[in-house]
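Put chain Y on the given structure of chain W with help from the hints.
This is what each chain is made of:
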Amino acid sequence: MKGKILSGLSLVCIVMGVGILFPSCSTVKEYQKSRINDSEMTLANRKVEKSELNAQSYREGSSGANSGKTGGGCGCN
Amino acid sequence: MSIMRRICLTVVGLYLMFLHTFSQGITRDTAAFQPKKLKLDEINLVSSYYTQTGDHSAIRGGIGPEPVTDLANGVELKWVGIDAQQRKSTLTAGMGIDYHTAASQAWISKTGASRHTDGLRLYPSLDWTRENERRGSSFSVGAYYSNEFNYKSLGLSAGITQKTKNNGEFGLKLSGYFDQVKLILPSELEPAGAYTIGRNGELRHPDYPSSPRQTYTASFSFSQVINTRLQVAFLLDGVYQNGYLGLPFHRVYFTDGTDSVEKLPSNRLKLPLGFRLNYFLGDRVILRTYYRYYVDSWGIRSHTASLEVPFKITPFFSISPFYRYYTQTAANYFSPYEQHLKTDGYYTSNYSLSAFSSQFFGAGIRLAPPKGIFNTHLATLELRYGHYTQTTDLVSDVISLNLGFK
Chain W
1 MKGKILSGLS LVCIVMGVGI LFPSCSTVKE YQKSRINDSE MTLANRKVEK SELNAQSYRE
61 GSSGANSGKT GGGCGCN
Chain Y
1 MSIMRRICLT VVGLYLMFLH TFSQGITRDT AAFQPKKLKL DEINLVSSYY TQTGDHSAIR
61 GGIGPEPVTD LANGVELKWV GIDAQQRKST LTAGMGIDYH TAASQAWISK TGASRHTDGL
121 RLYPSLDWTR ENERRGSSFS VGAYYSNEFN YKSLGLSAGI TQKTKNNGEF GLKLSGYFDQ
181 VKLILPSELE PAGAYTIGRN GELRHPDYPS SPRQTYTASF SFSQVINTRL QVAFLLDGVY
241 QNGYLGLPFH RVYFTDGTDS VEKLPSNRLK LPLGFRLNYF LGDRVILRTY YRYYVDSWGI
301 RSHTASLEVP FKITPFFSIS PFYRYYTQTA ANYFSPYEQH LKTDGYYTSN YSLSAFSSQF
361 FGAGIRLAPP KGIFNTHLAT LELRYGHYTQ TTDLVSDVIS LNLGFK
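These protein sequence lines map, in sequence, to chains W and Y. FYI, the numbering for the first sequence is 1 to 77, going by the numbering used here. FYI, the numbering for the second sequence is 1 to 406, going by the numbering used here.
Bound conformation, chain W alone (with noise of 0.2 Å):
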């Protein structure tokens, strides 16, 4: 198991890496961002999702990393 959550790890850093490489190649003045800035653009879950969002992480065995809560309530219904 050790194995297993350190190669998540070693994925995590690498992608976490790429990440921090994107800002080299960013230009975008405030001015270009219409479309960036438009409400269904949004890099999150949006309020009407919550419910569902919800479900599944009762009904599934993984839940987070989508900006929703990690804990708290019980969902044992």
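In short, the hints are calculated from the structure, not lab data. Everything numeric in this text was worked out from a predicted model, so none of it was measured. One or more hints might be untrue.
Restricting the straight-line Cα-Cα distance to at most 27 Å, the calculated cross-link-like pairs of lysine-lysine (DSSO-like) are [said to hold, decoys possible]:
| # | chain 1 | residue 1 | chain 2 | residue 2 |
| --- | --- | --- | --- | --- |
| 1 | Y | K165 | W | K50 |
| 2 | W | K47 | Y | K342 |
| 3 | W | K33 | Y | K88 |
| 4 | Y | K165 | W | K33 |
Some chain W residues near chain Y, calculated using beta-carbon distances under 7 Å [claimed, not checked]:
| # | residue |
| --- | --- |
| 5 | E30 |
| 6 | Q32 |
| 7 | V48 |
| 8 | S51 |
| 9 | E52 |
Each pair of labels, with its calculated beta carbon distance range [as the list claims (entries may be wrong)]:
| # | chain 1 | residue 1 | chain 2 | residue 2 | range |
| --- | --- | --- | --- | --- | --- |
| 10 | Y | G243 | W | S39 | 38 to 44 Å |
| 11 | Y | Y240 | W | S39 | 44 to 50 Å |
| 12 | W | S39 | Y | P265 | 39 to 45 Å |
All C-beta atoms in this analysis are idealised placements derived from N, C-alpha and C, irrespective of residue type, glycine included.
Just chain Y, lined up with the frame of chain W:
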């Protein structure tokens, strides 16, 4: 049913109250910068109805129907103010109330005669964020509470974000949940004398003991604008749980036909890693994609991939079909009904910890005209329906409505 009617009436009442509140008029500030006291800026009302069928009730050890309904209603009020240093403060107060029915809870009694097959959950929350736009940074703290008959939860969180010079943003959020699980055992496993006889001859149970559960989470995020149409985000959570991580009324039946309560390790480490990529295609279509890899110390590994495609009929009206695929391996401690050995160290027949895959698809509509819907303070209307199927035969449907007032 009367509780559901009361909740529905409350929701309608809240809707009318918000329309009235905002109809008092909003003054537009066209002067130079001046500090602004906290002022109600936005109200969101979210309602949803969830219904489920399945044939692997954890209460009966992995067999039997598990129908569930859940009517959830939440209201969120947001106040915004700006201080003399031009720091923006946002105070968000939320209140949620869920009413659920779960017929399988009748089987907490060996004979299926338990009376409590429904319940209410109340969950208030409070968040405060201070944003310094000149520095591109923010700081936030939050508190959360949830209360239902057999479970209480208190959550606290604190977070920071920092923008980079090149349209990126780092975020770090730390949170802790401090929960209490009420130890309601299947009737045949209750110690002798646990029940007393009430005045009317009914069976009564004195106060149940409870057991703690803690969840600590560190959430890292990094988002980046790549070009005028593309932005991405990386999300990583490190979650550590300890305490009572099973549920006391989930049965396990062993190969010899005897039963016990599920037994799971008292700690769990979870590592989900998520990636979002959103792309604006042409002038009308947006591609919202998401992928998550998950691994935990109980042996579950999972992959989640989803695609949502909002299509703009007009700039302020869109239709969004979506599809999500999920697959997971089983936890090391899962076996179906009557397949656990009594010599197993840990055991559960809860099918959310089994190996399965699931599909979720549906569509949503979103309406957000700049002057409000029908020129009212109802600024946003979102309606979304989804159908969910698991290879364990669990099927569910959920419909949600979000009304945003400004």
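Against the structure, the hints come out as follows:
For a cut-off of 27 Å, the pair hint linking K165 (chain Y) to K50 (chain W) is broken: about 32 Å separates their Cα positions. For the proposed pair K47 (chain W) and K342 (chain Y), the alpha carbon gap of about 45 Å is over 27 Å, so the pair is violated. With a C-alpha separation of about 22 Å, the suggested pair K33 (chain W) and K88 (chain Y) falls inside the 27 Å cut-off, and the hint holds. A threshold of 27 Å between alpha carbons decides the hint, and for K165 (chain Y) with K33 (chain W) the separation of about 15 Å falls inside it, so the pair holds.
Hint on E30 (chain W) is violated. Least Cβ distance to chain Y is approximately 9 Å, over the 7 Å limit. For Q32 (chain W), the interface hint holds, since its Cβ comes within 7 Å of a Cβ in chain Y; the closest pair sits about 5 Å apart. A cut of 7 Å between beta carbons decides the hint on V48 (chain W): the least distance to chain Y is about 4 Å, and the hint holds. At its closest, the beta carbon of S51 (chain W) sits 4 Å from a beta carbon of chain Y; the interface hint therefore holds under the 7 Å criterion.
Proximity of E52 (chain W) to chain Y holds as hinted, the smallest CB-CB distance being about 5 Å (cut-off 7 Å). Look at G243 (chain Y) against S39 (chain W): about 39 Å separates their beta carbons, and that is inside 38 to 44 Å. Remark: the range hint 44 to 50 Å for Y240 (chain Y) to S39 (chain W) is contradicted by a beta-carbon distance near 35 Å. Range check, S39 (chain W) to P265 (chain Y): about 43 Å between beta-carbon atoms, so the 39 to 45 Å window is met.
Hints 1, 2, 5 and 11 from the earlier list are contradicted by this structure; the remaining hints agree with it.
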